[in-house]
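Position 20, counted from 1, in the sequence shown is what the working numbering calls 14; the numbers after and before it change by one each time, with no gaps.
Rather than coming from a laboratory, the hints here were simulated on the basis of the structure.
C-beta atoms are modelled at their ideal positions from N, C-alpha and C, and glycine is treated no differently.
Some hints could be false.
As a list, the in silico EDC-like pairs of lysine to aspartate or glutamate whose alpha-carbon atoms are at most 20 angstroms apart [said to hold, decoys possible]:
1) K101 x D207
2) K101 x E153
3) K101 x E113
4) K101 x E29
Here are the computed distance ranges between Cβ atoms for each label pair [as the list claims (entries may be wrong)]:
5) E100 x D198: 23 to 29 angstroms
6) R111 x A24: 14 to 20 angstroms
7) D14 x T122: 21 to 27 angstroms
8) V138 x E97: 24 to 30 angstroms
9) T122 x E29: 32 to 38 angstroms
10) R111 x S221: 42 to 48 angstroms
11) R196 x P240: 34 to 40 angstroms
12) R196 x G27: 19 to 25 angstroms
13) G230 x D94: 32 to 38 angstroms
14) P219 x L246: 22 to 28 angstroms
15) R196 x A168: 36 to 42 angstroms
16) I184 x H110: 39 to 45 angstroms
17) P239 x A58: 23 to 29 angstroms
18) A168 x E100: 40 to 46 angstroms
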Amino acid sequence: MSATARWTAAARAVETRRADALFTDELAEALAGPEGFARWERYDNPGTTEFLAIRTRWLDEVVARSARPQVVLVAAGLDTRSVRLRWPDGTVLYELDHSDLVEWKEKRLAELGARHRCERHAVGADLTGPWDESLRAAGWDPSVPTLWIVEGLLFYLAERDARTLLERLASLSAPGSVLAGDLIAHQSMISEFTREGLARLRADGCPWLWGTDRPAEFLDSCGWPASEVRLPGEDGASYYRWPWPPLPRGTLGFPMNYLFTATRPA
């Protein structure tokens, strides 16, 4: 079971309890379990929980305004958007992750009586292997534009592996497909403000491995020209929740998180 998936589920549960919650996830508490809340307490540095709430809401809105008939959650973890969001008619959702996590999640969702609000396929596959074969077998059509969501994933991969994944997504995508997710800055890897948190992640076997101070350039080099890159606190990525003014782009020594969308050109 993914420790980081439980952690982010706990963060969604904490957000759901707020009177001014940016979203509601009634299943998050049960999916997180005691381990998830222990992880949330261990990793709750200033700004962390706020960013996780903003990221979830921001990507919810990306999904809501997307006209793509296929949506793929890459490394879906314990995501519950199939239950909590209103989906456009005809949308098909694919949740891709390791088979053991997929099996556990399907069993737990059934126990909780989850009711999905779109056509949904949970696909177990190893992202380091030929995972697209499993996706195709579940019904995904590479000739149809796709919205790919890579949430809380890329910085857990080595840079070369993150690049390989995004290039693979680009090669599989029909023109007009969209990629949405988040990246961290290289400054997040070297800042004194993240040193303690990074050490805890390493000790727990889930280290952050890289970041980039040039997110748009990185995405473009992987075949995904950036449509939008936002820092939390900037217009469209604040929701009155980010506790500080957004840092100017290029600021050194401070951690930064980027939210992005990118579109596959014709």
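Each hint tested on the structure:
1. K101 x D207: It is violated: about 40 angstroms lies between the C-alpha atoms, which goes past 20 angstroms.
2. K101 x E153: violated (34 angstroms)
3. K101 x E113: Holds - the C-alpha atoms of E113 and K101 are around 18 angstroms apart, at most 20 angstroms.
4. K101 x E29: holds (18 angstroms)
5. E100 x D198: 23 to 29 angstroms: With Cβ atoms ~26 angstroms apart, the hint holds.
6. R111 x A24: 14 to 20 angstroms: holds (18 angstroms)
7. D14 x T122: 21 to 27 angstroms: The hint (21 to 27 angstroms, Cβ to Cβ) is violated, given that D14 and T122 are roughly 40 angstroms apart.
8. V138 x E97: 24 to 30 angstroms: At 27 angstroms between Cβs, range holds.
9. T122 x E29: 32 to 38 angstroms: violated (25 angstroms)
10. R111 x S221: 42 to 48 angstroms: violated (26 angstroms)
11. R196 x P240: 34 to 40 angstroms: violated (28 angstroms)
12. R196 x G27: 19 to 25 angstroms: Check passed, 23 angstroms falls within 19 to 25 angstroms.
13. G230 x D94: 32 to 38 angstroms: For D94 against G230, whose Cβ atoms are near 37 angstroms apart, the range 32 to 38 angstroms holds.
14. P219 x L246: 22 to 28 angstroms: holds (26 angstroms)
15. R196 x A168: 36 to 42 angstroms: holds (39 angstroms)
16. I184 x H110: 39 to 45 angstroms: Given a distance of about 42 angstroms, which is inside 39 to 45 angstroms, the answer is holds.
17. P239 x A58: 23 to 29 angstroms: holds (27 angstroms)
18. A168 x E100: 40 to 46 angstroms: Roughly 28 angstroms apart at Cβ, these two residues miss the hinted range, so it is violated.
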